[in-house]
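Chemist: Sequence:
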Amino acid sequence: MITYALRLRAAHDAGDVHVFTAMSTLKAIARRVHALEEEAAEHEKAIRKIVSAWRPDLLALTGVGPIVAATVLAAWSHAGRCATTRHLRCSRALRRSLLRRARRSVIASTVPATGS
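Reminder that position 50 of the sequence shown reads as 171 in my numbering, one-by-one numbering, no gaps.
The set of hints was computed from the structure by calculation and includes no laboratory data.
Any given hint could turn out to be false.
Said to hold, decoys possible - What follows is a list of derived Cβ distance ranges for each label pair:
id, residue 1, residue 2, range
1, 222, 142, 38 to 44 Å
2, 141, 162, 29 to 35 Å
3, 178, 158, 37 to 43 Å
4, 183, 138, 49 to 55 Å
5, 128, 167, 38 to 44 Å
6, 126, 192, 30 to 36 Å
7, 136, 192, 21 to 27 Å
What the hints assert, rightly or not - Derived SDA-like pairs: lysine to any residue, alpha-carbon spacing no greater than 20 Å straight-line:
id, residue 1, residue 2
8, 166, 178
9, 148, 128
10, 170, 193
11, 170, 148
12, 166, 184
13, 148, 164
14, 170, 180
15, 170, 155
16, 166, 195
17, 148, 123
18, 148, 130
19, 166, 150
20, 170, 181
21, 166, 192
22, 170, 194
23, 148, 166
24, 170, 154
25, 170, 192
26, 166, 181
27, 166, 154
28, 170, 196
Bear in mind the structure is a predicted one, so any value in this text is a computation, not a measurement.
Think of the CB as a built atom: it goes at the ideal place given N, C-alpha and C, for glycine as much as any other residue.
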């Protein structure tokens with residue numbers, strides 16, 4: 122839909138000013154969405170690089186991408202948060218939690234948004 126909106130051409134000589142305004146606005150919003158998608162992809166690539174350098178084993182888990190892995194690392198990386206380094210290991214409970222979150226993320230991304 123974004124690709125289609127980017128190809129719209131609002132004719133200045135359109136008889137209806139409302140149609141011209143709506144089409145112009147839709148194209149402007151589509152350009153912004155496209156730019157934000159590109160920016161998000163760049164950020165995800167940078168996050169993947171950081172996570173890969175720190176804990177590549179998290180990315181090896183099924184359904185765990187760079188965003189989920191970075192969230193887990195941020196939650197478990199604060200000084201004093203864990204009593205020992207043993208707690209920093211990827212335990213079975215943490216793996217289950219990661220997989221549950223990844224599954225929810227996959228399900229949410231496959232459900233079409235309303236109005237698409």
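Chemist: Hints first: check each against the structure and report whether it holds.
Modeler: Structure-based check of all given hints:
no.	hint	verdict
1	222 to 142: 38 to 44 Å	holds (42 Å)
2	141 to 162: 29 to 35 Å	holds (32 Å)
3	178 to 158: 37 to 43 Å	violated (29 Å)
4	183 to 138: 49 to 55 Å	holds (53 Å)
5	128 to 167: 38 to 44 Å	violated (30 Å)
6	126 to 192: 30 to 36 Å	holds (32 Å)
7	136 to 192: 21 to 27 Å	violated (52 Å)
8	166 to 178	holds (17 Å)
9	148 to 128	holds (8 Å)
10	170 to 193	holds (15 Å)
11	170 to 148	violated (33 Å)
12	166 to 184	holds (17 Å)
13	148 to 164	violated (24 Å)
14	170 to 180	holds (11 Å)
15	170 to 155	violated (23 Å)
16	166 to 195	holds (17 Å)
17	148 to 123	holds (8 Å)
18	148 to 130	holds (8 Å)
19	166 to 150	violated (24 Å)
20	170 to 181	holds (14 Å)
21	166 to 192	holds (15 Å)
22	170 to 194	holds (14 Å)
23	148 to 166	violated (27 Å)
24	170 to 154	violated (24 Å)
25	170 to 192	holds (14 Å)
26	166 to 181	holds (16 Å)
27	166 to 154	holds (18 Å)
28	170 to 196	holds (18 Å)
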